[in-house]
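Student: If you want the building blocks of each chain, they are given just below.
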Amino acid sequence: MSAIVIDDLTLGYEGHPAVHHLNGSFARGSLTAVMGPNGSGKSTLLKGIMGALKPLGGKVVLDGFGQRDIAYLPQIAEIDRSFPAVVADLLALGFWKRRGAFSAIRGVDHREMEAALARVGLSGFERRTIDTLSGGQLQRALFARVLVQDAPVILLDEPFAAIDERTVADLTDLITHWHGEGRTVIAVLHDAELVQASFPQTLLLAREPIAWGATATALTADNLRRARQMVEAWDDQAPWHDHDSDHSHGHHHHPAGSGGAH
Amino acid sequence: MNLYDLFLAPFMQFGFMTRALAGAVILSLSAGPVGVFLMLRRMSLTGDAMAHAILPGAAAGFLVSGLAILPMTLGGFAAGLVVAVLSGLVSRFTIQREDNSLAAFYLISLALGVMLVSLKGSNVDLMHVLFGTVLALNNDALIMIGAIVTVSLVALALLWRPLVAECLDPTFLRSVSGAGQPVHLLFLALVVINLVGGFQALGTLLAVGLMMLPAAAARFWVRSLEAMCALAIAISVVSSYLGLLVSYHLSVASGPAIILVAGAIYVLSMLFGSRGLVSSNLRPRRHRVA
Ligand SMILES: Nc1ncnc2c1ncn2[C@@H]1O[C@H](COP(=O)(O)OP(=O)(O)OP(=O)(O)O)[C@@H](O)[C@H]1O
Ligand SMILES: [Mg+2]
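Protein chains in written order, with the working numbering: chain D, 1 to 262; chain W, 1 to 290.
Hints are not guaranteed to be accurate.
[What the hints assert, rightly or not] Here are the computed distance ranges between Cβ atoms for each label pair:
| no. | chain 1 | residue 1 | chain 2 | residue 2 | range |
| --- | --- | --- | --- | --- | --- |
| 1 | D | Asp164 | W | Gln181 | 45 to 51 Å |
| 2 | D | Ala169 | W | Ile108 | 46 to 52 Å |
| 3 | W | Ile108 | D | Gly57 | 37 to 43 Å |
| 4 | D | Ala192 | W | Val151 | 46 to 52 Å |
| 5 | W | Ala157 | D | Ala197 | 47 to 53 Å |
[As the list claims (entries may be wrong)] Every beta carbon over 10 Å from chain W, so not counted as near; a handful from chain D, in silico:
| no. | residue |
| --- | --- |
| 6 | Tyr72 |
| 7 | Pro74 |
| 8 | Ala77 |
| 9 | Ala85 |
| 10 | Thr129 |
| 11 | Gln149 |
| 12 | Ala162 |
Calculated from the structure, these hints are not laboratory results. Glycine residues also receive a C-beta, built at the ideal position from the N, C-alpha and C atoms.
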């Protein structure tokens, strides 16, 4: 059963594709790592799934849940750190979906927030103002908010970018735990070792999909080398894509092991 | 001259002073918190622009029926909303950022307003519209201000959480709800009605002062949002009272007097506030063990 079906999806900016003709699906309850070099369209893909970016072609089909049910941890959070809020205020936003826009946070919610903070190693930080957090602490607080959101689908864009080794191990356990609870988790990561150890599925992107399937078959040395060969800069003279004719540029629309085999 | 004459008599003896004080104090209740949110959203100058944008509407009301409260208020409200929505739309559909398009629209609006007033009125009338007059605060105006403040406070209470979310983490709000854009527009509408409420006493150009200066001053004293709002209200009440006193005793215009008092409080807060210049440079150079 697929939770998210990606149907010939092209996403991009100003007409330039950043994700090009992606086909496949994320199975319900699957745990997938998205890998690829800088600028290969990983963040763009997550934004497309979130609905924050309109497709230039194709579509994303969500099955059994809506865009608002997705918990999303962006690569760079647009948090206004000068706003007079404490960590608990930031976490309380996570109740939005469950408690509605207007209702107050209750006692049980406070205990849940405490537990979430403890999970990410930030016990005792409830009343700290957000402008006093270190980069990694803020990232962990945002991770705790994802916990509070209690969403069936979780998208994490480089969640470990600023985080120390021990916490990475703790948070990876947490992700594995989510997987065990049947949530669908998609995480953008750069650490191949970590992916091999903890992520059953991998999508390797280099604007074009290179491979998508079981991590062992997708993350081969050959595939990684092919991903690295992506030309990062856009060609402003590139001809416009003609949707009616068959594409003449030489790339694989259906990568090896396509379709998130499960 | 004793203390009574100095501090109380003007408000006891003259109905227009009592009404002016009542109007300014009531308005402070909502202008303070609105100003705090405006400041926290880095939209202080947007508030200023909106104050200018109100002018042609107020002027059109003035053209139709002279210095009467209802037409000028409604006109100002309509003009402010039109400018807010137009600049929102322009920034949405073009590459122009909202503050740029707002600047363009308010300049057009201001010029239009001044021209409209000069079509009919004298310079004195123009001064009234631009800088207000306590004499304009009749009972109708007070009722109007009361209504505006009531509506604003109810709206603020309802919008509180979405507004906080929109300030704190707009991307997140967008990911869990579509409330961001409507909340933004409703908030701009709140700004407009509070400016319109203030322009009787303070004039279109200075009404924004009672919003921004107390909020900015409060920030030098307290950390939490709630405390900031409460302190902003208090500062704005004190400014209104002292400003009116100054205006009475020195026979100067009330609007500028109130705003200058608020300005003085701002400068003092910046210097001596617990988070101000002096104290952050005098912080003890000691530290705890953990
Ligand atoms: N807002 C934007 N406007 C224009 N181009 C963009 C925008 N965001 C990303 N791009 C371009 O789209 C391409 C894909 O970007 P994306 O952010 O998806 O990369 P990524 O795989 O997440 O890279 P990284 O590992 O550096 O995070 C890049 O070439 C980038 O320059
Ligand atoms: Mg990225």
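Student: Check the non-interface label on Tyr72/D: least C-beta distance to chain W beyond 10 Å or not.
Tutor: Its Cβ does come within 10 Å of chain W, the nearest being 5 Å, so this is violated.
Student: Since Ala85/D was said not to touch the interface, does its Cβ keep a gap of more than 10 Å from each Cβ of chain W?
Tutor: violated, 5 Å
Student: For the pair Ala157/W and Ala197/D, does the Cβ-Cβ distance stay inside 47 to 53 Å?
Tutor: 50 Å Cβ-Cβ, so the 47 to 53 Å window holds.
Student: Would Ala77/D pass as off the interface with chain W, using Cβ distances and a cut of 10 Å?
Tutor: violated, 7 Å
Student: Is the Cβ of Ala162/D more than 10 Å away from each Cβ in chain W?
Tutor: Holds: least Cβ distance 17 Å, greater than 10 Å.
Student: Range hint 45 to 51 Å: satisfied by the CB atoms of Asp164/D and Gln181/W?
Tutor: Because 38 Å falls outside the window, the suggested range is violated.
Student: Tell me if the beta carbons of Ile108/W and Gly57/D are separated by a distance inside 37 to 43 Å.
Tutor: holds, 41 Å
Student: Looking only at beta-carbon atoms, does the pair Ala192/D, Val151/W fall within the given range of 46 to 52 Å?
Tutor: violated, 58 Å
Student: Measuring Cβ to Cβ, find out whether Thr129/D lies farther than 10 Å from everything in chain W.
Tutor: violated, 6 Å
Student: Does the claim that Pro74/D lies off the interface hold, with its Cβ farther than 10 Å from every Cβ of chain W?
Tutor: violated, 6 Å
Student: Indicate whether the distance between the beta carbons of Ala169/D and Ile108/W respects the range 46 to 52 Å.
Tutor: violated, 60 Å
Student: Is the Cβ of Gln149/D farther than 10 Å from every Cβ of chain W?
Tutor: Nearest chain W Cβ is 8 Å from Gln149/D, so the label is violated.
Hint compliance for this structure: hints 1, 2, 4, 6, 7, 8, 9, 10, 11 are not met, and every other hint is.
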